[in-house]
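There are 2 protein chains.
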Amino acid sequence: MERIKPRTLSGFMELLPDKQAQMERIMETLRKTYSLYGFAPLDTPIIEASEVLLAKGGGETEKQIYRFTKGENDLSLRFDLTVPLAKYVAINYGQLAFPFRRYQIGKVYRGERAQRGRFREFYQADIDVIGDGELDIMNEAEIPAIIYRTFTALGLKKFKIRVNNRKVLNGFFASLGLSDKASDVMHTIDKLDKIGVEKCRALLLGEGVPESKADEIMRFIAISGTSADKLEALKKYVGKSEIFDLGLKELKAVADYLPAFGVPEENFEIDLTIARGLDYYTGTVYETTLTEHPEIGSVCSGGRYDNLAEYYTDKKLPGVGISIGLTRLFFVLEEQGMLSDEVITAPADALIIPMTEDFSKAVETATLLRENGISTMLYSENKKFKAKMSYADKIGVPFVVFIGDDEIGQGVVKVKDMRSGEQVSEKPETAALRIKAEIDKRNTGCVIKD
Amino acid sequence: MERIKPRTLSGFMELLPDKQAQMERIMETLRKTYSLYGFAPLDTPIIEASEVLLAKGGGETEKQIYRFTKGENDLSLRFDLTVPLAKYVAINYGQLAFPFRRYQIGKVYRGERAQRGRFREFYQADIDVIGDGELDIMNEAEIPAIIYRTFTALGLKKFKIRVNNRKVLNGFFASLGLSDKASDVMHTIDKLDKIGVEKCRALLLGEGVPESKADEIMRFIAISGTSADKLEALKKYVGKSEIFDLGLKELKAVADYLPAFGVPEENFEIDLTIARGLDYYTGTVYETTLTEHPEIGSVCSGGRYDNLAEYYTDKKLPGVGISIGLTRLFFVLEEQGMLSDEVITAPADALIIPMTEDFSKAVETATLLRENGISTMLYSENKKFKAKMSYADKIGVPFVVFIGDDEIGQGVVKVKDMRSGEQVSEKPETAALRIKAEIDKRNTGCVIKD
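If you read the sequences in order, they're chains A and B. Start counting the first sequence at 1; every next residue gets the next number (my numbering). Start counting the second sequence at 1; every next residue gets the next number (my numbering).
If you're looking for bench data, these hints aren't it; they were derived computationally from the structure. Please note that the accuracy of each hint is not assured.
Note: identical chains are not told apart, hence a pair may lie in one copy or across any two.
Using 20 Å as the maximum straight-line C-alpha spacing, the simulated EDC-like pairs for lysine to aspartate or glutamate come out as follows [said to hold, decoys possible]:
hint	residue 1	residue 2
1	Lys449	Glu216
2	Lys384	Glu134
3	Lys394	Glu134
4	Lys416	Glu426
5	Lys388	Asp136
6	Lys63	Asp74
7	Lys416	Asp406
8	Lys386	Asp136
9	Lys316	Asp215
10	Lys158	Glu265
11	Lys32	Asp440
12	Lys383	Glu134
13	Lys361	Asp256
14	Lys384	Asp132
15	Lys70	Glu51
16	Lys361	Asp136
17	Lys386	Glu422
Pulled out of the complex, with its shape left as it was, chain A reads as follows:
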């Protein structure tokens, strides 16, 4: 037979079982945390009609899209989870209750130039709250709590949720008479972290911002201190722009409710340089950075927008949302050695190795363990003992259960704890309880160490 060389496309992540187990744990943690905040899971097709998906049109993204025809249909693979959400809400407007809170963890596709750490197929994990006409600032105030709990549940400790408000920036620019340049200026100050103060100022001048105003902008974004300090300093700007004043009130609300939401101050920061590249944000904007890995950039970003589905409906649908680029985050965590090897990644908690011809007792024990919630594998291949133990080692199973004629005669099983090497002969029911308790203990750990 002629053979084809098997390969996985470049830019597509495909993990070995132990890594996949860690990825699954991350996804399960996200699902659980998002649910805790009342977000409903949503699943939309990966393929959409191009005309629908590209309603907004243009832009960098369009070139990257996987677009093709099938029969008479012009189809595209989704490149984010926001456009499908907009479509979904527009179609189902009459059947949804607003505010509509949904999470979606799904694959999206972008035909970017393949390079290390860049993926063409990758998971995004998004949450959004969509209002009907209006959406209270409390929804924006709650987002840091969701980020905090998600990251903490994953095991991350050293992270900072950085928050700004586009109205504060827009209002400030308006008070300088720079409203027409606001978008350019924001893109420039968004780069401050990367390019530094001098270059940032030079870029502003290059954009036609007068020197005095560029200095004002640089002073503004240099406001430092705690969040309280910054809010205090911002008071000086009040009264020059209604937009600014509203933005400051919103920013203050977000900061004020943090303690009630259980977010520690050290994980939060008001950062006046954050503008987010996207032009459609209109209120609070969020970025989240790993304190010891600033080079990674933001790993969870988003913000408030005014009009989710304007390409599909005349209904005004404001919302607030955040997104985690899960595949890239996983890649980075692995590369940084931040994935814990404490949590169990074996496909099973227990491996039963029968030492008799008849497997009935081994099968009964497997059934008993499973009924006790212990993930159990039965090793039934006809191999030498050494090969069986080498299999146990290779899959990294925490417990091996031996069942031979002696054990059957005495009504016991022999359980080996593969970590300590300790072997105990005990009643199957006793073994089940002991293994379950030990597994539960080991499973309390987080998937990320930080």
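Let chain A serve as the given structure and place chain B on it in line with the hints.
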């Protein structure tokens, strides 16, 4: 602004939140049950190189494939989860431990003619055990236990796991001197359920099977009674074909281990008419039917095969696997009214409605409930009381928590059980424990009622 009419492609399932919640519950049940049997989760790309995906070539499937080019790459969307598994095992052969047990729940794509209940994008939920060179019959014997536990965990009661063995059929045909016609004959008797005895016999004659042998075949597949009766009746055929004798031994092993695996006899049946359409099955084959819905056909099928990855590697990789067509199953369950409305499908367990301007107490209560594992939504929109309650009704939330000045003064919250209408004022900590206990109780139910 010019608006595009939003739509979801025909043949693509997109569910409303309450239905999606049920679908998620089904998927979570599958993940848990498969894990319990030591299957590791696997995730492979949806896009593969066409040359790799279509290595086997030809067939009905190829016409249905979503195939396109991107840049210089000839790409295809996966049409099942078996070919990607074969690719994965061939690529990672050296790093996997065999037997390799994996489950995968993922979307696959087939551009079939769109019609009601047929999907172009649909979930398959597969498990497979892959051996290296050899694979013991115990792996085949364990499959009915996995099907039984999966279906039971979903809430299905009236189902039958029907099992046969291809060696029994092949050996029997060989003993009749019909080896060269075995494939045609098997396809014909596979249709017995649909076309009936007379038509089946006529088809056999049409295929050139002599009348006496056709009668022998019809007698063979008419063997009836319990599984034990059938095994007994099959003994009469022993000694004419080595393949048959081995197949009978395997079939007996599968039946014999059922009690130890915890599978009740009423959910199991040896069915000599099952051949499965696919030619590559070589041992035990499985179908699972809902007893009261025979018209649906098999909802979980599979079997033993000898060579998973022959198109990619000269390594012999025998395996056994089963597959559930999840999207279609969900569609059918919904249509038959078999999805339970007892389980909670609301996006949250509790909705907090603050009755004060300042939301601090409400937020603190939300944080407390969430810390107790209660999925909680905070209603912060500025609406009339009636609109707030109508929101609670629309999302179907089990508990509403009111926090007004009176409650804050007394250090209590007012909790309304939306099912009973009962209202209780109690300490937030007490409310948290009571709501959690009630929610846990309601969540013990299964997603399917049967």
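Going through the hints against the structure:
{"no.": "1", "hint": "Lys449 to Glu216", "verdict": "neither (42 Å within a copy, 67 Å between copies)"}
{"no.": "2", "hint": "Lys384 to Glu134", "verdict": "between (69 Å within a copy, 14 Å between copies)"}
{"no.": "3", "hint": "Lys394 to Glu134", "verdict": "between (56 Å within a copy, 18 Å between copies)"}
{"no.": "4", "hint": "Lys416 to Glu426", "verdict": "within (11 Å within a copy, 49 Å between copies)"}
{"no.": "5", "hint": "Lys388 to Asp136", "verdict": "between (61 Å within a copy, 14 Å between copies)"}
{"no.": "6", "hint": "Lys63 to Asp74", "verdict": "both (15 Å within a copy, 18 Å between copies)"}
{"no.": "7", "hint": "Lys416 to Asp406", "verdict": "within (16 Å within a copy, 60 Å between copies)"}
{"no.": "8", "hint": "Lys386 to Asp136", "verdict": "between (65 Å within a copy, 18 Å between copies)"}
{"no.": "9", "hint": "Lys316 to Asp215", "verdict": "neither (38 Å within a copy, 72 Å between copies)"}
{"no.": "10", "hint": "Lys158 to Glu265", "verdict": "within (12 Å within a copy, 56 Å between copies)"}
{"no.": "11", "hint": "Lys32 to Asp440", "verdict": "both (18 Å within a copy, 15 Å between copies)"}
{"no.": "12", "hint": "Lys383 to Glu134", "verdict": "between (67 Å within a copy, 10 Å between copies)"}
{"no.": "13", "hint": "Lys361 to Asp256", "verdict": "between (62 Å within a copy, 13 Å between copies)"}
{"no.": "14", "hint": "Lys384 to Asp132", "verdict": "between (67 Å within a copy, 15 Å between copies)"}
{"no.": "15", "hint": "Lys70 to Glu51", "verdict": "both (14 Å within a copy, 19 Å between copies)"}
{"no.": "16", "hint": "Lys361 to Asp136", "verdict": "between (62 Å within a copy, 17 Å between copies)"}
{"no.": "17", "hint": "Lys386 to Glu422", "verdict": "within (18 Å within a copy, 64 Å between copies)"}
When the structure is compared with the earlier hints, violations turn up for hints 1, 9 and for no others.
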